[in-house]
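K.L.:
Generate coordinates for the entire structure from the input sequences, incorporating the hints supplied.
Protein chains: 4
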Amino acid sequence: MSIQIFVTGGTFDKEYNEKNGLLFFRKTHLSEMLELGRCRKKVQIRTLMMIDSLEMTDTHRQTILGSCKKCRSRQIIITHGTDTMEITARILGQTITDKTIILTGAMIPYKFGSSDGLFNLGSALAFVQSMPCGVYVAMHGHCFSWERVRKNRKRGRFEG
Amino acid sequence: MSIQIFVTGGTFDKEYNEKNGLLFFRKTHLSEMLELGRCRKKVQIRTLMMIDSLEMTDTHRQTILGSCKKCRSRQIIITHGTDTMEITARILGQTITDKTIILTGAMIPYKFGSSDGLFNLGSALAFVQSMPCGVYVAMHGHCFSWERVRKNRKRGRFEG
Amino acid sequence: MSIQIFVTGGTFDKEYNEKNGLLFFRKTHLSEMLELGRCRKKVQIRTLMMIDSLEMTDTHRQTILGSCKKCRSRQIIITHGTDTMEITARILGQTITDKTIILTGAMIPYKFGSSDGLFNLGSALAFVQSMPCGVYVAMHGHCFSWERVRKNRKRGRFEG
Amino acid sequence: MSIQIFVTGGTFDKEYNEKNGLLFFRKTHLSEMLELGRCRKKVQIRTLMMIDSLEMTDTHRQTILGSCKKCRSRQIIITHGTDTMEITARILGQTITDKTIILTGAMIPYKFGSSDGLFNLGSALAFVQSMPCGVYVAMHGHCFSWERVRKNRKRGRFEG
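First to last, the protein sequences are chains W, A, D and H. Following my numbering, the residues of the first sequence are numbered contiguously, the last one being 229. Following my numbering, the residues of the second sequence are numbered contiguously, the last one being 229. Following my numbering, the residues of the third sequence are numbered contiguously, the last one being 229. Following my numbering, the residues of the fourth sequence are numbered contiguously, the last one being 229.
Hint data in this document are derived by calculation from the structure and do not stem from the laboratory. The reader is advised that the hints may include incorrect statements.
Note that the list lumps identical chains together, so a pair holds whenever it fits in one copy or between two copies.
SDA-like, lysine to any residue: derived pairs with alpha carbons at most 25 Å apart [stated by the list, open to error]:
1. Lys180 x Arg217
2. Lys220 x Cys202
3. Lys110 x Arg222
4. Lys180 x Val112
5. Lys88 x Glu228
6. Lys96 x Arg115
Given the structure is predicted, the values throughout are model-derived calculations rather than measurements.
P.N.:
Below, the structure written as structure tokens:
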């Protein structure tokens, strides 16, 4: 059974619009990143939404929750904006206990070269295969439990 | 206790010498890569050697083995050339059973931009924290046991 | 006599703030870019301002004009946001006729990897050495005269 | 009339073979580089050969000379390995006087990220439009006359 990757947007997939100088979403770079990493694990990628996590509503989170529940794979990675990652993790963590779900993201867009996204994706793929059932946030080389993780916005980092 | 990283060289750390057009080793890029990945796990980096793994002799491998034995951390990552990674893994795996040791490397030098190194480093850091004691090779998003892993040189990939 | 480079900001030097997801200015990357290009021409770099060219006022332009007039080098490059580059070019072009002044910029920030900035900087440095006195915009491999250049914002390119 | 670009190989176009760790040529990256630079000058790209300039023989140089003579454009750029660029420049310079020919190259392969190639290409494109007829080497932001240019191999730079 392959690993399921659900894409929701976030800094990970932001791009620079050279016509107006604004950041925007076009399509996910997940396939490109996995290819760059010479990843040979079988994965399924599905884009659920393409939004900044500050714009994520309860409805969006129910969509994510529903997709995780229905998913036949027991190994799920969710790419997600960092600003509200802990909220989505909590909603999933309180409900789903028979799958390993890893939320991950990036502090810098992948397309901007100096991204931490490739590093985080590598660790998310590893944690999803090796951690016991539960919901986690993989950032900074850490695997934080959904029950304790929170983003320290002032310092721009996750703690837990 | 922090994670121990032993550097041995390999494609990971190769650079291009612009004066003679040859590839060479200067110093490890591990710190730079961990910084780029916004890694916040406590790690210790120590360079044991800086060589192409095709030049690795029994003496070199005994140095690696000795360093792993003496190491107080039970979580060890070894960066290593891919060509003989399986040999070093076997020597370690036959002897050390009370630590989690992850060998990893890259198909493309980190400095050449399109490297899989950052992805592999992320997964190695995750596996070393989450896998049971034993010796493994982390490449392509997989975690191969030392007993089965081998590099398919013709296809340029690890199998196991 | 060395080439004078005046920095005014623009897309060239924008960076991504990973704490709030906004673009901002910190310091110029001109030295870094010239080093990357292995440039060995003697240049003087001076930052006049660090702003988006949409925020550039008459006062800012008088500062640029004054700096160009006082400058002892007859070869001047100005890095500038693309949105109002043509306005600054016109003000300079109407007044200064005894120096070669090249305005250049980028459609994508240098720090975002896929920048046209390095290419434009290379061409600006070449044009400033080889074009007769006058004021020009160097973009897209072209050297546009200040009298005709205009940015086609819809297509995201300069014409002239 | 468009600018003619003749490709001969050199460091510019070298790639890393991840199966054997050697550098090799596949195809030229000139189109990709011009696209990255948002170049909008009309250019014609033709690959004459794909070799290391240390392997360049008299026959190769006669091919280059012949191509330059027959070329209908009076603006020609030649990408060339740096090691013998001065020899080819001399052969062209002694014969062709009614065209502007710019030889350029790179100290680091374009594919290795930290290349000076994009910078040099930008300056070559500018010089070829603005310099009087003659044969030149564009490296390091300089435009060296074929009569004086030489590579200082020890210091890894061009002088003239």
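K.L.:
Confirm or reject each hint.
P.N.:
Taking the hints in turn, this is what the structure says about them:
{"no.": "1", "hint": "Lys180 x Arg217", "result": "neither (30 Å within a copy, 34 Å between copies)"}
{"no.": "2", "hint": "Lys220 x Cys202", "result": "within (23 Å within a copy, 31 Å between copies)"}
{"no.": "3", "hint": "Lys110 x Arg222", "result": "between (33 Å within a copy, 19 Å between copies)"}
{"no.": "4", "hint": "Lys180 x Val112", "result": "within (21 Å within a copy, 28 Å between copies)"}
{"no.": "5", "hint": "Lys88 x Glu228", "result": "between (37 Å within a copy, 15 Å between copies)"}
{"no.": "6", "hint": "Lys96 x Arg115", "result": "within (11 Å within a copy, 34 Å between copies)"}
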